[in-house]
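Q: For reference, the chains in residue letters:
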Amino acid sequence: MSENLKALAWKLRMDTIDIIMAGGGGHIGGDMSVMEILTDLYFRQLKVAPENPEDPDRDYFILSKGHSMEAYYAVLCERGFLDLEDVKARFSKFDSPYIGHPHNTLPGIEMNSGSLGHGLPVAVGLALAAKRRGKPNRVYVVTGDGELAEGSNWEGFMSGAMFGLDNLCCIIDRNRLQISGSTEDVMALDDLKAKIAAFGWNVISLQDGNDLDELDAAFEQAKTVKDRPTCIIANTVKGKGSPVMENKAGWHHKVPSAEQYQEIMKDLEERKAALA
Amino acid sequence: MKNTIPNRKVICDVLMEHAKEDKDIMVLCSDSRGSASLTPFFESFPEQAVEVGIAEQDLVGIAAGLAKAGMKPYAASPASFITTRSYEQCKVDCAYSDTNVKLIGISGGVSYGALGMSHHSAQDIAAMSAIPNMRVYLPSDRHQTRHLMEALLKDEKCAYIRTGRNPVEDVYTEENCPFEMNHATVLTEGTDAAIIACGEMVRPALDAAALLEEKGIHATVLDMYCVKPLDEAAVIKAAQNAKAVITVEEHSPFGGLGSMVAQVVSANCPKKVVNIALPDAPVVTGTSGEVFEYYGMTGEGIAKKVLEAIG
Chain A
1 MSENLKALAW KLRMDTIDII MAGGGGHIGG DMSVMEILTD LYFRQLKVAP ENPEDPDRDY
61 FILSKGHSME AYYAVLCERG FLDLEDVKAR FSKFDSPYIG HPHNTLPGIE MNSGSLGHGL
121 PVAVGLALAA KRRGKPNRVY VVTGDGELAE GSNWEGFMSG AMFGLDNLCC IIDRNRLQIS
181 GSTEDVMALD DLKAKIAAFG WNVISLQDGN DLDELDAAFE QAKTVKDRPT CIIANTVKGK
241 GSPVMENKAG WHHKVPSAEQ YQEIMKDLEE RKAALA
Chain B
1 MKNTIPNRKV ICDVLMEHAK EDKDIMVLCS DSRGSASLTP FFESFPEQAV EVGIAEQDLV
61 GIAAGLAKAG MKPYAASPAS FITTRSYEQC KVDCAYSDTN VKLIGISGGV SYGALGMSHH
121 SAQDIAAMSA IPNMRVYLPS DRHQTRHLME ALLKDEKCAY IRTGRNPVED VYTEENCPFE
181 MNHATVLTEG TDAAIIACGE MVRPALDAAA LLEEKGIHAT VLDMYCVKPL DEAAVIKAAQ
241 NAKAVITVEE HSPFGGLGSM VAQVVSANCP KKVVNIALPD APVVTGTSGE VFEYYGMTGE
301 GIAKKVLEAI G
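Which chain is which? The protein sequence lines are A and B, in order. Our numbering puts the first sequence at residues 1 to 276. Our numbering puts the second sequence at residues 1 to 311.
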């Protein structure tokens, strides 16, 4: 299962690149870093079903770092919520439903985002609703790391702990880069684990946030914690998958050239093939 | 007899009446339950009450999450803070994501009097009206507030409701309070002038009409509690028959009721429109009553402006 899922994550990266090429734009670096997080959630963790996207007992997923939409499109297509060919044909085109951030008129997408620092408070509300009703829903929210400079996140960290929301899990895509450079140079976050733990959360820091087994073990551990929410700091690599774009802040938002496209797809194909 | 019940207390009463039966009703406050008259709700329905502390962004975000899960959240916080500190949450998490969040702006306008511009909300109508899918309501008295709350409990769209802090003199009675959702209430009819007011300015607008009547001048008075969606048909009908239109609002002169009425009148039945509002400046220090007096936002002040407008 795990080997297949790892191969799937590389395949989904290729779909993501194709979506970006087709639309002529995309936040490629963060798309690549977040891919295993989305893959594990949508293929091993989330109780969601494309045939019944509004099931009141479903788990909720919020993509707070909404600019990783191309990766999210690839995952939603693979999971059966959307059609990949349709997304590629219309992404970012005039009058298209497929815009560059989550839009909840599309099946499978719960909330609109794009502006940063919105997801965690909304996730607190969703988790609180389940708690007050005594329902089993779990709530997952993925934030970026640069995004954590928004103060609203820390309001959410406070209230999530205050309300004892053990059905809430926040995953930070900790790729350490934002548009202007290193997160530690722009507005330092470390010691991030200590900060969030000090807010009363169970914090799990992953050595490799692009490792599906590490991720899945963390999600399982989160389910065993009572009376407080869990934050998984997934230490990822921005642009993961090809040396062309890995760990380069300039690839935050970028469309590969024809040559770069060939090179990136070759690198991704090799990584996928190595697992077969 | 002078009314001593503020509109905010009526909001709490209506929510408490329904919360017994409807467990999806949730009330959220940002250390504002006392100011919002919602302490009784928190005491009677702790499972349906949420305190988020002094954190308006979290307040509105959490409310949107509750609504997404199918609950009916009412988030109450001073109008100045809920509409500007958490403006983006109102825009993105409520209106854009289409969640059923009712945003209650308490102590609106210059209710906080001498506390200064930080606590005054003279921008809320403009700000909230500019958001697609957001509705804006300013009930004029306690009776209308009850009808409005009853109507809002039945729908599933987001809305902003602004109330003042102090009791306002009744415009209606318990028995006689005509109310149709999203339609202005016609309080008087006359062809000399049309006075269109919202919120706490409706009562002085009605007083102005009475003063004008003594001089033989007949004015239409519209209670435009539904600033958005504006009752355009009522505006056009009132304006068509009048020599001039006078708008009255406890708001900045820009982007509020006056601006919206002027747009409708100029496009449909061009006529002089005079806007009575707070100044584009920090408001003079004083109680809200003193502030209204100073800026001519009283029955006498409005009547004077009407006389000037119709020449």
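Keep in mind the hints are simulated off the structure, nothing from the lab. Some hints here could point you the wrong way.
In silico DSS-like pairs for lysine-lysine, Cα to Cα no more than 30 Å straight-line [claimed, not checked]:
1. 243(B) to 135(A)
2. 226(A) to 193(A)
3. 223(A) to 135(A)
4. 23(B) to 223(A)
5. 131(A) to 23(B)
Q: CA of residue 23(B) to CA of residue 223(A), is that 30 Å or under?
A: holds, 27 Å
Q: Measure nothing beyond the straight line between the CA atoms of residue 131(A) and residue 23(B); if it is 30 Å or shorter, mark the hint as holding.
A: holds, 13 Å
Q: Between residue 226(A) and residue 193(A), is the straight-line Cα distance small enough, at 30 Å or below?
A: Holds. Residue 226(A) to residue 193(A) sits at ~19 Å (cutoff 30 Å).
Q: Just to be careful, I want the Cα atoms of residue 223(A) and residue 135(A) compared with a cutoff of 30 Å; is the pair within it?
A: holds, 15 Å
Q: Checking one constraint from the list: CA of residue 243(B) to CA of residue 135(A), max 30 Å. Satisfied?
A: violated, 61 Å
Of the hints listed earlier, the one the structure fails to meet is number 1.
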